[in-house]
Amino acid sequence: GAGVSQSPRYKVAKRGQDVALRCDPISGHVSLFWYQQALGQGPEFLTYFQNEAQLDKSGLPSDRFFAERPEGSVSTLKIQRTQQEDSAVYLCASSLGADTQYFGPGTRLTVL
Amino acid sequence: GENVEQHPSTLSVQEGDSAVIKCTYSDSASNYFPWYKQELGKRPQLIIDIRSNVGEKKDQRIAVTLNKTAKHFSLHITETQPEDSAVYFCASGKGGTYKYIFGTGTRLKVLA
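Protein chains in written order, with my numbering: chain A, 1014 to 1125; chain S, 5 to 116.
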């Protein structure tokens, strides 16, 4: 079946612009996670949804970062007033309950 | 805070030799330990995982061992092949959300 998909795959933004990154999880997966992966580093947890409820947002680096999953399926990670330090790959993962996470291909964000 | 240490950061082996990557976690409540393989520009892919109720798990050329007392777990790859070349990440998670804490990654190079 179809895996986790993310769009866009690449995004270039000027400093100060707002961006929106989309994640389509595997159909039926209850849990959805966002991670940030800096170059040469492991993914770092940003936030977690169970269905439409955001149960953990402890990893969001600032109030410029906002995530939503209004219907319990597709999720959007929004970054307002982007800064150069926001440049990274943003990975989305989904799982069937509290189980193995399957990752999407990521969105590479470059802030100029 | 919670963290996972991973060693070595780079590892070169001759084709056919074995490779071992080691991780140490800090949160004693962690009970799930996946290993992901990430090729350049690709999504992390699960290669093997282990839960805290077992000490070892094997899948063909790949095995993982877990020592809960020492909070160590290791990935063992035998009879390495050039296609095993990639970055490998360990992670720890705990029941409920399975929020993952990732290690910093090991770049494995298998020399033909």
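No lab work stands behind these hints: they were computed from the structure.
Note that CB positions come from ideal geometry on N, CA and C, so glycine has one too.
Treat each hint with caution, since some may be false.
[Unchecked claim] Calculated pairs, DSSO-like style, for lysine-lysine (alpha carbon to alpha carbon, straight line, at most 27 Å): (1) S/Lys46 to A/Lys1070; (2) S/Lys61 to S/Lys46; (3) S/Lys46 to A/Lys1091; (4) S/Lys98 to S/Lys113; (5) S/Lys26 to S/Lys62; (6) A/Lys1024 to S/Lys46; (7) S/Lys113 to S/Lys46; (8) A/Lys1070 to S/Lys61; (9) S/Lys75 to A/Lys1027; (10) A/Lys1091 to A/Lys1070; (11) S/Lys26 to S/Lys98; (12) S/Lys75 to S/Lys26.
[What the hints assert, rightly or not] Over the 12 Å line for every Cβ pair with chain S, so calculated as not near, a few chain A residues: (13) Pro1021; (14) Val1025; (15) Ala1033; (16) Ser1040; (17) Asp1069; (18) Gly1072; (19) Pro1074; (20) Thr1089; (21) Arg1094; (22) Phe1116.
Hint check results:
1. S/Lys46 to A/Lys1070: 25 Å, holds
2. S/Lys61 to S/Lys46: Distance of about 26 Å is within 27 Å: holds.
3. S/Lys46 to A/Lys1091: Holds, because 22 Å separates the two Cα atoms, which is no more than 27 Å.
4. S/Lys98 to S/Lys113: Between S/Lys98 and S/Lys113 the Cα gap is close to 31 Å, so the pair fails against 27 Å, i.e. violated.
5. S/Lys26 to S/Lys62: Given pair S/Lys26, S/Lys62 holds - Cα atoms ~16 Å apart, limit 27 Å.
6. A/Lys1024 to S/Lys46: 16 Å, holds
7. S/Lys113 to S/Lys46: This hinted pair holds, its Cα atoms lying about 17 Å apart.
8. A/Lys1070 to S/Lys61: Given that 27 Å is the threshold and the Cα spacing comes to 33 Å, the pair is violated.
9. S/Lys75 to A/Lys1027: 44 Å, violated
10. A/Lys1091 to A/Lys1070: 13 Å, holds
11. S/Lys26 to S/Lys98: Holds, at roughly 19 Å.
12. S/Lys75 to S/Lys26: 11 Å, holds
13. Pro1021: Since the minimum Cβ distance to chain S is about 15 Å, A/Pro1021 lies beyond 12 Å and the statement holds.
14. Val1025: 16 Å, holds
15. Ala1033: It holds; A/Ala1033 is separated from chain S by about 20 Å at its closest Cβ, greater than 12 Å.
16. Ser1040: Holds: least Cβ distance 17 Å, greater than 12 Å.
17. Asp1069: Incorrect as stated: the minimum Cβ-Cβ distance to chain S is 6 Å, not above 12 Å.
18. Gly1072: Answer for A/Gly1072: violated, closest chain S Cβ roughly 8 Å.
19. Pro1074: 14 Å, holds
20. Thr1089: Check passes; 19 Å lies beyond 12 Å.
21. Arg1094: 27 Å, holds
22. Phe1116: Incorrect as stated: the minimum Cβ-Cβ distance to chain S is 5 Å, not above 12 Å.
Checked against the numbered hints given earlier, the structure breaks hints 4, 8, 9, 17, 18 and 22 and satisfies all the rest.
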